[in-house]
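Asker: The chain contents come next:
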Amino acid sequence: MTISRFLGCLLISYSPLIALFLKFILKDSKLLIISLSGAFFWMLSIFLSSILWFVVSPWKKEHIWTIIVSFIFQEVVRFLCFKLWNKLETSINLLSRINKQKRKINYILGSIACGVGFGFGYVLVMHTGVLTNVIGPADLYTTKCNMSLFVLNSFYAQAFGLLNVIWTSIMFLSIRNYTKKKLKGKPKRKYLVYLFVSIISHLVESLILLVNSCTASLLVLYLILAGLIILLVKLIVDTMNEKKNEYNLLKQNQESSSNEDKNENFSQEINFLDDNKSEENEKNKTDILNFEDEDEDEDDDEDDEIEKNDDLDEEEEEEEVN
Amino acid sequence: MSSQNESEEKKKKTKKRTNKKQNHKQKNKTKDVEFNTRYEIQEGKREPGKEDLDYIVAVYTKQLRKVLIPVAVTMLLVVLVIRTAYKDKPEEGAFNDIMVYNESDEDSAGFRFGGALLNAVIVIAVILVVTLIMVCLYMKGFDWILVGWVIFSVFIILTFYGLLTWLEIFQYLNKSLDWISALIVILNFGVAGTITITWKGAKIINQIYLIIISVLFAAILSTLPEYTTWILLVLLAIYDLVVVLSPKGPLKMLVETAEKKGKPIPGLIYSSMVWFMSTLEKSKAKKKRKNKKKNEKKKTSSSSESNTTESDDLLQNNKLLNSNSSESEENLINEDDEIVKEESEENEKSKTKIKISKKKKKTTKKKKDDNSSALLDHSPKLGLGDFIFYSLLISKAAYQDYTTVFTCFVAILMGLSLTLFFLALLQKALPALPLSIFFGIIFFFITSNVLVPMNSLVFQDHVFL
Chain A
1 MTISRFLGCL
11 LISYSPLIAL
21 FLKFILKDSK
31 LLIISLSGAF
41 FWMLSIFLSS
51 ILWFVVSPWK
61 KEHIWTIIVS
71 FIFQEVVRFL
81 CFKLWNKLET
91 SINLLSRINK
101 QKRKINYILG
111 SIACGVGFGF
121 GYVLVMHTGV
131 LTNVIGPADL
141 YTTKCNMSLF
151 VLNSFYAQAF
161 GLLNVIWTSI
171 MFLSIRNYTK
181 KKLKGKPKRK
191 YLVYLFVSII
201 SHLVESLILL
211 VNSCTASLLV
221 LYLILAGLII
231 LLVKLIVDTM
241 NEKKNEYNLL
251 KQNQESSSNE
261 DKNENFSQEI
271 NFLDDNKSEE
281 NEKNKTDILN
291 FEDEDEDEDD
301 DEDDEIEKND
311 DLDEEEEEEE
321 VN
Chain B
1 MSSQNESEEK
11 KKKTKKRTNK
21 KQNHKQKNKT
31 KDVEFNTRYE
41 IQEGKREPGK
51 EDLDYIVAVY
61 TKQLRKVLIP
71 VAVTMLLVVL
81 VIRTAYKDKP
91 EEGAFNDIMV
101 YNESDEDSAG
111 FRFGGALLNA
121 VIVIAVILVV
131 TLIMVCLYMK
141 GFDWILVGWV
151 IFSVFIILTF
161 YGLLTWLEIF
171 QYLNKSLDWI
181 SALIVILNFG
191 VAGTITITWK
201 GAKIINQIYL
211 IIISVLFAAI
221 LSTLPEYTTW
231 ILLVLLAIYD
241 LVVVLSPKGP
251 LKMLVETAEK
261 KGKPIPGLIY
271 SSMVWFMSTL
281 EKSKAKKKRK
291 NKKKNEKKKT
301 SSSSESNTTE
311 SDDLLQNNKL
321 LNSNSSESEE
331 NLINEDDEIV
341 KEESEENEKS
351 KTKIKISKKK
361 KKTTKKKKDD
371 NSSALLDHSP
381 KLGLGDFIFY
391 SLLISKAAYQ
401 DYTTVFTCFV
411 AILMGLSLTL
421 FFLALLQKAL
431 PALPLSIFFG
441 IIFFFITSNV
451 LVPMNSLVFQ
461 DHVFL
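Taken in sequence, the protein lines are chains A and B. Counting from 1, position 46 in the first sequence corresponds to residue 46 in full-length UniProt numbering; the numbering is continuous, with no gaps. Counting from 1, position 82 in the second sequence corresponds to residue 82 in full-length UniProt numbering; the numbering is continuous, with no gaps.
Hint data in this document are derived by calculation from the structure and do not stem from the laboratory. Some clues are possibly wrong.
[Unchecked claim] Away from chain B, derived, C-beta distances all over 12 Å, residues of chain A:
no., residue
1, L22
2, K144
3, G227
4, N248
[To be verified] Derived EDC-like pairs (lysine to aspartate or glutamate); straight-line CA-CA distance at most 20 Å:
no., chain 1, residue 1, chain 2, residue 2
5, A, K27, A, E75
6, A, K61, B, D107
7, B, K89, B, D401
8, A, K186, A, D238
9, A, K181, A, D238
10, A, K144, B, D461
11, A, K60, B, D105
12, A, K180, A, E62
13, A, K190, A, E255
All values reported here derive from a predicted model rather than from experimental measurement. Idealized CB from N, CA, C, for every residue including glycine.
Just chain A, same shape as in the assembly (with noise of 0.2 Å):
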């Protein structure tokens, strides 16, 4: 396999990855953190399959067995990193409302950071790890597809980068959604079935793959990735929805509840939030959408000049009123 198909099938195979990346996980670097782990916790999960592959010797060559074990293991494991990510983000965010400091973790993103971490460490060892050993001259060709092994492979590679993606952040939304508690309400049984449907789309696609036609698997393959896709567009914005809900009914019981300024804070969140929706200032429509760069540190020198006069005009406001 020459280099430059090597190339190619890299990029083949990383390209999806590499921008969610490049968009999402670049900027915060606790989302590289929780990449990071993604990637840690899925090369434990394939270790355990691998091990259980080792040991038993009949299964060496029937990939059904290894297929089903491996499934069942990344699954788990997934959902182990649910957990971990669950306890981390309810401390961090208590901490944070205790301090009435602005550092709650992005929900969303870092479900998707969690899946690329899986997609990166997938993608990495079942592809790139096997395929740098071909590199040279020649190639290997399979009646599949009448293409070369390799680029078929990295094809699959794509799409399973992405859906590890898909999955991750399919099964931490719908659980949050569902096991969430809310104000008014009850839980909706719809995340439960996005969870199961995605979780069943795994091992429907890993198996689709043993199939002999190529049409067959390549066509299944990204038709429910797609259909994947808009499930969780549509669990995106069903969250975004709640949270917005949610963030209506705690005003209104606000409101209701304390003319008295008891939370000082969370009174100017909401007014603040007012202000936006009369200014219909599009970059702070919703909080939830409001990515703050964490690159703050090229900017301390001006910001300290802003933060002193800033302060010198609230002194100066607070005694006028005085």
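Using the hints provided, position chain B relative to the given structure of chain A.
Answerer: Here is chain B on its own, set in the frame of chain A:
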């Protein structure tokens, strides 16, 4: 009535404010809190409590990226060097003159294991001895010896080992090289490196040279026989753990002496020589658990001045101590047929040296010369020895296969991030090696023996798990 008026006024104020001001106000508030907590923590007025964890975690996550990237770069470079130049070379037994026991395939596995264990134990004993010698030297005031040793060893590594790897790469690329140009280039390279590391220089070049030193050293160390490397890594991790976390280590003595002298901590020795040569007085800021090449920034990491006594990277210090004094690499060059152990000492010293130089990478320049900014400059720092041993592990993986490289890469980075997390939480000096090496070794053996055969079988049948 008054309260209602006040609330109305407040509402008016909030409505009047624009988005920018609101953002700034919120930023100000958060920054005020941050600054207060930071300041108090630095001044040692209060220890970081649970409320500060949030801030600490946030700062830790910001700083982590800047630690991970150099480690990743070194590891990638090492993989590159080894996959090109060193992989197909038959093992010539580079360390046969040094090691007490020379491994060979003829001996049984148990015998090899015992011999390798002996080798590793001797190396670590040497490290311990040199550590103590260095502590004594520092306590008695012979700082100049340490400084000179550092300069000398950095120069030797850059020129000698640099030339070796250069020649290996050119051999792989089948190119020719004349001795005149080689001499000129290598000498300039070495001199520039020593100057940037031990004196002043641009930050980036400093960092690049430190990376190069660790890459060279790891590439050379990778030629150690197999059993010896693994046992050495394990024992080093244990040694690191013990030395850093023990209450009566040489590091503590070093720290106490530094405090008594009133000089900026051992930064004198291991933090960049910059502090030694220059007139900067930002002493306290130097103490960090893990040195890292990093620009000075206003926002500090978790390690604060108040914890300087504990926050030294004991590993660094120890290895620092090891590197000093005793035999120099002149022995190696002069080919004296001295005791094998001495040569091994040299290696260790050079290793530790690197750690010294590594620590140097501390920022040479500062944006502001205020003491406040100096105080606020805390970035996580990582010793050069850690770099070298991570790269050593990766080099062992590079000899095998790329899958092992990837898994060990992820394992090491994960271990590093976990240690930094604990560092942020516990506010104590922590060893950087054990966790990463633990994960790395486990991942290495599992992938090379179990995962690679499975992958190759599964890949051929287009099965994706």
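Asker: Does each hint hold? Answer for all of them.
Answerer: Tested hints:
1. L22: holds, 14 Å
2. K144: violated, 7 Å
3. G227: holds, 19 Å
4. N248: holds, 19 Å
5. A:K27 x A:E75: violated, 28 Å
6. A:K61 x B:D107: violated, 35 Å
7. B:K89 x B:D401: holds, 16 Å
8. A:K186 x A:D238: Holds. A:K186 to A:D238 sits at ~15 Å (cutoff 20 Å).
9. A:K181 x A:D238: holds, 16 Å
10. A:K144 x B:D461: Holds - the C-alpha atoms of B:D461 and A:K144 are around 10 Å apart, at most 20 Å.
11. A:K60 x B:D105: With a Cα-Cα distance of about 30 Å, the restraint between A:K60 and B:D105 is violated, given a limit of 20 Å.
12. A:K180 x A:E62: violated, 42 Å
13. A:K190 x A:E255: violated, 32 Å
Violated hints, in rising order: 2, 5, 6, 11, 12, 13; the structure is consistent with all others.
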